[in-house]
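A.B. asks: The primary structure of each chain is shown beneath.
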Amino acid sequence: MNVSSNNTPPVSPWTTRPLVLQSRRPETPGVETFEFAEATSGIATGALGLPGQFNMLYVPGYGEAAISLSAPADNSGRHLHTIRTVGNVTQALFRLQPGEMVGCRGPFGTGWPLEACRENEVVMIGGGIGLAPLRSLIGWFRANPTGHRVSVLLGARSPEHLLYQPEYRDWEASGIQVHCTVDRATPSWQGHVGVVLTLMDRLSLPNPRNTIVLICGPEIMMRYSALEALERGIPADRIWLSIERHMNCAVGLCGRCQWGSHLICARGPVLRYDQLVHQWNVPAL
Amino acid sequence: MKEPLFLPREEFPTLIARLLDQGYRVIAPTVDQGAIVYAEIQSVDSLPRGWTDEQQPGRYRLKETGNSRCFDFAVGPHSWKQFLFPPLQRISTAIKGETGWTFAVHEPEIHRYAFLGVRACELAGMRVQDRVFLERGYVDTAYEARRQASLVIAVNCAVPSANCFCTSMQTGPRCEGGYDLALTELDEGFVLEVGSAAGADVLADWDLQQASAERMAASREVSLNAARSIQKTLDTQDLRDRLMAQLEHPHWQEVGERCLSCTNCTMVCPTCFCSHVTEVSDLDQQNVERERRWDSCFHLDFSMLHGRPVRNDIRSRYRQWLTHKLATWHDQFGESGCVGCGRCITWCPVGIDLTVEVKELCRDQP
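Just so you know, the protein sequences line up as chains A and B, in that order. Counting in my numbering, the final residue of the first sequence is number 285, and the numbers go up one at a time with none missing. Counting in my numbering, the final residue of the second sequence is number 366, and the numbers go up one at a time with none missing.
This is chain A alone, in the form it adopts within the complex:
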């Protein structure tokens, strides 16, 4: 049957590019930032990734893992991925040394809403490793100042789990407000203690209808942060969340990351609260 649907001959979604590991930078316990470079020249890497998108990093024999971009793509052909060692694939990544090679498919998925980011006050809320996909957006704000207020609320289990601490000063120097909190303080911690959504109290949100909220972290934290934002008068369609589900194909063909109405890899991972609210409170959906 002739079922041809579009014009250009499509590329197989399984096409894998080689990347070479350049360096690893320890961040927090069990978390490192990996810098990769394209091993094949001539790839237009400037187009390879918007803040909030992810790559499928592949270690042959172990498999692929969906890892968000931790820096906006530039023309250097380099990719930064902050990775936490949790499963088989990430453990295999943590055994790699600079000079070794991995496979890469991507970038995939929706990114953060850059158009809305340009035109509004922005509150980013990150919990734990959830800061990684927000870091690429912070980098984008530093390169593209909008003239509107940009705040980052960060939460972690303990001070040693606060990701990217050495960079906060640079972020603030670019005019981005940074507020941190930890669940459990250590004797040397001088800052705020409590879950990340309590930091909302510190923010004045004079224009909730001209503010957008971007959240990434554990699902329970995202849920309560979104509710807090709603309570502050921020409309449901101005709250974006980066949703996590284990992904397999990354291109909407395998069904593994389905959550209710959405195939997270293709329709997400960044989704608006109003696209999720009908299914948010149904356990095990």
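Simulated from the structure, these hints should not be mistaken for laboratory data. As the structure is a computational prediction, the values presented were derived from the model and not from experiment. It is possible that part of the hints are untrue.
Non-contacting residues of chain A with respect to chain B, defined by C-beta distances greater than 12 Å in every case (computed) [stated by the list, open to error]: (1) Thr16; (2) Pro26; (3) Gly87; (4) Glu115; (5) Arg149; (6) Arg169; (7) Leu203; (8) Arg232; (9) Gln258.
Derived list of chain A stretches under chain B, where covered just means 3 residues or more per stretch with a C-beta under 8 Å from a C-beta of chain B [said to hold, decoys possible]: (10) 172-186; (11) 243-253.
Here a beta-carbon is modelled for each residue, glycine too, at the ideal position from N, C-alpha and C.
Starting from the known structure of chain A, fit chain B onto it as the hints suggest.
C.D. replies: Showing chain B alone in chain A's frame:
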């Protein structure tokens, strides 16, 4: 398109011969292992002539009809998806050399299949999978190549089973397009309709008569009778919204206690498309292949979050399957994922009937 033709029964072998001559591998219903299943054939002798199937929830039996018709049955456990979207596909390779890994997409061998005996519900199933694999952004290039290379010869359904409900899903029993050729079986032969240029090519220079008005009427009567014999119904009015409003209905638990989570319904379903990719490596991990296999939302580890299953009881997995098929499929693909073929009812070992469960689930909660 050309006027419908008449293919006398004694000329039927010529159709198969022409397909074979034109380089097609003919896949058609055959009797094997107590069921009517799809397999490669070389002649009409392999078709289930004189056989029909009796189906009930959780029950399938073959029975002799005493007539010499070749297509007097409904659908069996197979669907054409196993040829267009094979259960096991090699998708890529990684080979380690001196300078690191070389990655390559595996280019599968594409067969020119002629699918003979495709029912209206199965045409609908193919269109549903076309949407999934071809029309939603990323294209499954291997599926596309297989689909393009295949020829679809539909056969209008004459004997629906007790589990069929294509009339509710508006997918049958009459084939209304999406085929290259379509047959309607009569005692003395077939009314033959041409649906595409590829279908016409098969018939090139073949001196077949136009079907008479009487035979055309008989062909339509076959479909009308089939439609009249279908007893099972599913009320599709606002079904997406009705189901999504009942995600916490106690009846999910009740079904969950009967469901074995065996995955049969997803394996026999002509639209279920879930898969997962696994690594197949040689012992020294120098040559690695990636294999894509059919998967099922009934597997405990199908959906994972932070290393734990998302749907950790059968209740939630059955709810996932049913709401995806009948509700959230609309959100993702703009249509239902169910074509009303009834396979999931027949091949459920405990006879769970989704049309019955939907009625319960849409009843107001006590």
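A.B. asks: Work down the list of hints and note, for each, if the structure agrees.
C.D. replies: Taking the hints in turn, this is what the structure says about them:
{"no.": "1", "hint": "Thr16", "result": "4 Å, violated"}
{"no.": "2", "hint": "Pro26", "result": "22 Å, holds"}
{"no.": "3", "hint": "Gly87", "result": "6 Å, violated"}
{"no.": "4", "hint": "Glu115", "result": "20 Å, holds"}
{"no.": "5", "hint": "Arg149", "result": "33 Å, holds"}
{"no.": "6", "hint": "Arg169", "result": "31 Å, holds"}
{"no.": "7", "hint": "Leu203", "result": "28 Å, holds"}
{"no.": "8", "hint": "Arg232", "result": "28 Å, holds"}
{"no.": "9", "hint": "Gln258", "result": "7 Å, violated"}
{"no.": "10", "hint": "172-186", "result": "violated (count 0)"}
{"no.": "11", "hint": "243-253", "result": "holds (count 8)"}
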